[in-house]
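Chemist: Each chain, written out:
Number of protein chains: 2
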Amino acid sequence: MRRQRFICKSCESNSDGYGGGMYCERCYMEADKIKVQLMGENEELKDKIEFLKLCSPSPTTSSTTSLAGSFSDVVLIALDSEPPLPVQAHKAVLVNRSPVFRAMLENEEMEESRSGTVKIADVRYDALQAFVNYLYTAETCLNQNLACDLLILAEKYQVQHLKHYCQKFLVSKLNWDNALTTYTFACCHNAEDIMDAALEVITDNMDKLTTQLEYVNLVEKDPQLVIKIYETYLSKQVNTAACRNPSVRRDSSSGSGIGDGGGWSDGC
Amino acid sequence: MRRQRFICKSCESNSDGYGGGMYCERCYMEADKIKVQLMGENEELKDKIEFLKLCSPSPTTSSTTSLAGSFSDVVLIALDSEPPLPVQAHKAVLVNRSPVFRAMLENEEMEESRSGTVKIADVRYDALQAFVNYLYTAETCLNQNLACDLLILAEKYQVQHLKHYCQKFLVSKLNWDNALTTYTFACCHNAEDIMDAALEVITDNMDKLTTQLEYVNLVEKDPQLVIKIYETYLSKQVNTAACRNPSVRRDSSSGSGIGDGGGWSDGC
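Note that the protein sequences, when read in sequence, are chains A and B.
Take the first sequence: its position 161, counting from 1, is numbered 161 in full-length UniProt numbering, and each next residue is one higher.
Take the second sequence: its position 91, counting from 1, is numbered 91 in full-length UniProt numbering, and each next residue is one higher.
Some clues are possibly wrong.
Since the list gives no way to pick out one identical chain from another, each pair is judged satisfied if it fits inside one copy or across any two copies.
[Said to hold, decoys possible] EDC-like cross-link-like pairs, simulated, lysine to aspartate or glutamate; straight-line CA separation at most 20 Å:
| # | residue 1 | residue 2 |
| --- | --- | --- |
| 1 | K46 | E139 |
| 2 | K208 | D196 |
| 3 | K53 | E41 |
| 4 | K35 | E25 |
| 5 | K33 | D73 |
| 6 | K168 | E43 |
| 7 | K156 | E139 |
| 8 | K53 | E43 |
| 9 | K33 | E231 |
| 10 | K119 | E82 |
| 11 | K168 | E44 |
| 12 | K221 | D73 |
| 13 | K53 | E106 |
| 14 | K228 | D80 |
| 15 | K173 | E200 |
| 16 | K156 | E111 |
| 17 | K53 | E139 |
| 18 | K119 | D73 |
| 19 | K33 | E43 |
| 20 | K173 | D204 |
| 21 | K173 | E220 |
| 22 | K208 | E82 |
| 23 | K168 | E50 |
| 24 | K208 | E220 |
| 25 | K168 | E41 |
| 26 | K168 | D47 |
Derived by calculation from the structure, the hints in this document are not laboratory data.
For reference, chain A alone in the conformation it holds in the complex (with noise of 0.2 Å):
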């Protein structure tokens, strides 16, 4: 019997009717109309989203900033800065955005709550002004010191969507080269997403390991982050081999399979 050809309504192209995937015109439009309510569903957010934001009273961004600064009722200071720079915000805007602010700012026995003034060491003053004028607008423009300046100050004062957000940067930019550096500083600052995906860049790459610096420098300085890399090698390799032999425990504790692993980099 010949082999009938149709031709897909959407893009004209011939497929074969026998072999191609083809879909009736139910399913297409169901995935299609659902895409239609999910972009107008898209819209509505974004609108919520700018009605939300305020604006910071960050002398950086808009003219209409100073004078919403007029009310601010409450001075971050980047001790580090010379001289140290302060930085307006409100209140009410730091305790909805950070238990850690709540706690220090709502309890009239804390210096910050009686001074208005909350000093903060260790960051550059364009950190800081970033990290308000995220709470203020769930905004920031990173590159990749901003984004570990803002995950220190994420982490410090609990605020979980940039830690998240910066977290999420930072695993866009791993490569090798960085990945021990990177795993490093997620380890020092308990940021967990960034620390697996770092292990997974590493301990794809272990025939180059030991040959680095940093490598070197970490066993010196941190064995025990040294010693999690090969646990976690460890445990990939047992995992590959139970992959490839179902009957092999998935424990590294089994000692059996993981030579079948073989190799540096092996995928399950």
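Starting from the structure of chain A, add chain B where the hints point.
Modeler: Okay, now just chain B, sitting in the frame of chain A:
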């Protein structure tokens, strides 16, 4: 030749290869991929909204609210409640949401700015609370009455996001029974979306118009609004005639084709 039947991969229904609309896998997957992307984006936008929402200091919301309220620096008073009741707020939030509050609170010559008190007449306390809460959260649970009250406040304080939200709700509740009342209300408060939708309902039911008590009252109280109804109806009829006969000019001064539109609820 025998007609070939195919089974849709998604729903497993049979579909006729000749007549039924079939879509190739690539097109279906594309629609589906965009759908999945949009769902992910939507989740991110919803997280952002959760982050950006502020606790309103109104006592009706959660227990954390009263704490945030301790930093309140302005009070809105519903003058019509007995006794007049205050709703706590923050100037920084009000000026960010409403150009009217901005003009009022940033100008030190205004009584409201000096006293930190904004007195509002002709509003129920509940509605004022819901209004302030919306400014903090972009959320409210509407019913017909509340939607009208909030639309009036949104119009007065130029809170476009809330006005749009109320209009959408009231349009969704339109029917013949409430069309004339809703139309009158919309005209009084410059709510164009509702006005257009109500005129659509009214001009689709012209045979019943003059029997309505609201109509008789409106002729008496605001004849301009009645004229607007007839003008809209006339324009619809001209357009209907033009659709049926493209040679008829699409403006009501042509004086031709209207008779062809015939009947009371003709659609184009």
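Chemist: Now, for every hint given, state plainly whether the structure supports it.
Modeler: Outcome of the hint check:
1. In this homomeric assembly, K46 and E139 come within 20 Å of each other (Cα to Cα) both inside a single copy, at 13 Å, and across copies, at 14 Å.
2. For a Cα distance limit of 20 Å, the shortest separation of K208 from D196 inside one copy, 19 Å, qualifies, whereas the shortest one across copies, 70 Å, does not.
3. Taking the shortest alpha-carbon separations for K53 and E41, both the intra-copy value of 18 Å and the inter-copy value of 18 Å come in at or below 20 Å.
4. For the homomeric pair K35 and E25, the shortest alpha-carbon distances inside one copy (15 Å) and between copies (17 Å) are both at most 20 Å.
5. For the identical chains of this complex, K33 and D73 are neighbours neither inside a copy (49 Å) nor across copies (47 Å), given an alpha-carbon limit of 20 Å.
6. Proximity of K168 to E43 under the C-alpha cut-off of 20 Å is restricted to the inter-copy arrangement: shortest distance 15 Å between copies versus 23 Å within a copy.
7. In the homo-oligomer, the alpha carbons of K156 and E139 lie at most 20 Å apart inside one protomer (19 Å), although the nearest pairing across protomers, at 30 Å, exceeds that limit.
8. Proximity of K53 and E43 under a CA criterion of 20 Å is satisfied in both settings, with 15 Å inside one chain copy and 18 Å between copies.
9. In this homomeric assembly, K33 and E231 never come within 20 Å of each other (Cα to Cα): the closest approach is 48 Å inside a single copy and 37 Å across copies.
10. Taking the shortest Cα distances, K119 and E82 sit within 20 Å of each other inside one copy (14 Å), while across copies they are farther apart (46 Å).
11. Proximity of K168 and E44 under a CA criterion of 20 Å is satisfied inter-copy only: 12 Å between copies versus 24 Å inside one chain copy.
12. When the C-alpha separation of K221 and D73 is checked against a cutoff of 20 Å, the pair qualifies neither within a copy, at 43 Å, nor between copies, at 51 Å.
13. With identical chains, the CA atoms of K53 and E106 are at most 20 Å apart between copies only, with a shortest distance of 19 Å across copies and 23 Å within one.
14. Proximity of K228 and D80 under a CA criterion of 20 Å is satisfied in neither setting, with 34 Å inside one chain copy and 67 Å between copies.
15. When the C-alpha separation of K173 and E200 is checked against a cutoff of 20 Å, the pair qualifies only within one copy, where the shortest distance is 14 Å, while the shortest distance between copies is 55 Å.
16. When the C-alpha separation of K156 and E111 is checked against a cutoff of 20 Å, the pair qualifies only within one copy, where the shortest distance is 18 Å, while the shortest distance between copies is 42 Å.
17. Proximity of K53 and E139 under a CA criterion of 20 Å is satisfied in both settings, with 9 Å inside one chain copy and 14 Å between copies.
18. Within a single copy, K119 and D73 get their C-alpha atoms as close as 15 Å, which meets the 20 Å cut-off; across copies the closest is 24 Å, which misses it.
19. When the C-alpha separation of K33 and E43 is checked against a cutoff of 20 Å, the pair qualifies both within a copy, at 16 Å, and between copies, at 19 Å.
20. In this assembly of identical chains, K173 and D204 lie within 20 Å of each other by CA distance solely inside one copy; the values are 16 Å within and 60 Å between copies.
21. When the C-alpha separation of K173 and E220 is checked against a cutoff of 20 Å, the pair qualifies neither within a copy, at 26 Å, nor between copies, at 71 Å.
22. Taking the shortest Cα distances, K208 and E82 never come within 20 Å of each other, neither inside one copy (42 Å) nor across copies (78 Å).
23. When the C-alpha separation of K168 and E50 is checked against a cutoff of 20 Å, the pair qualifies only between copies, where the shortest distance is 18 Å, while the shortest distance within a copy is 22 Å.
24. Only within a single protomer do K208 and E220 lie at most 20 Å apart by alpha-carbon distance; the minimum there is 18 Å, versus 90 Å between protomers.
25. With identical chains, the CA atoms of K168 and E41 are at most 20 Å apart between copies only, with a shortest distance of 14 Å across copies and 24 Å within one.
26. Taking the closest pair of Cα atoms, K168 and D47 come within 20 Å of each other only across two copies (14 Å); inside a single copy the shortest separation is 24 Å, beyond that limit.
Hint compliance for this structure: hints 5, 9, 12, 14, 21 and 22 are broken, all remaining hints hold.
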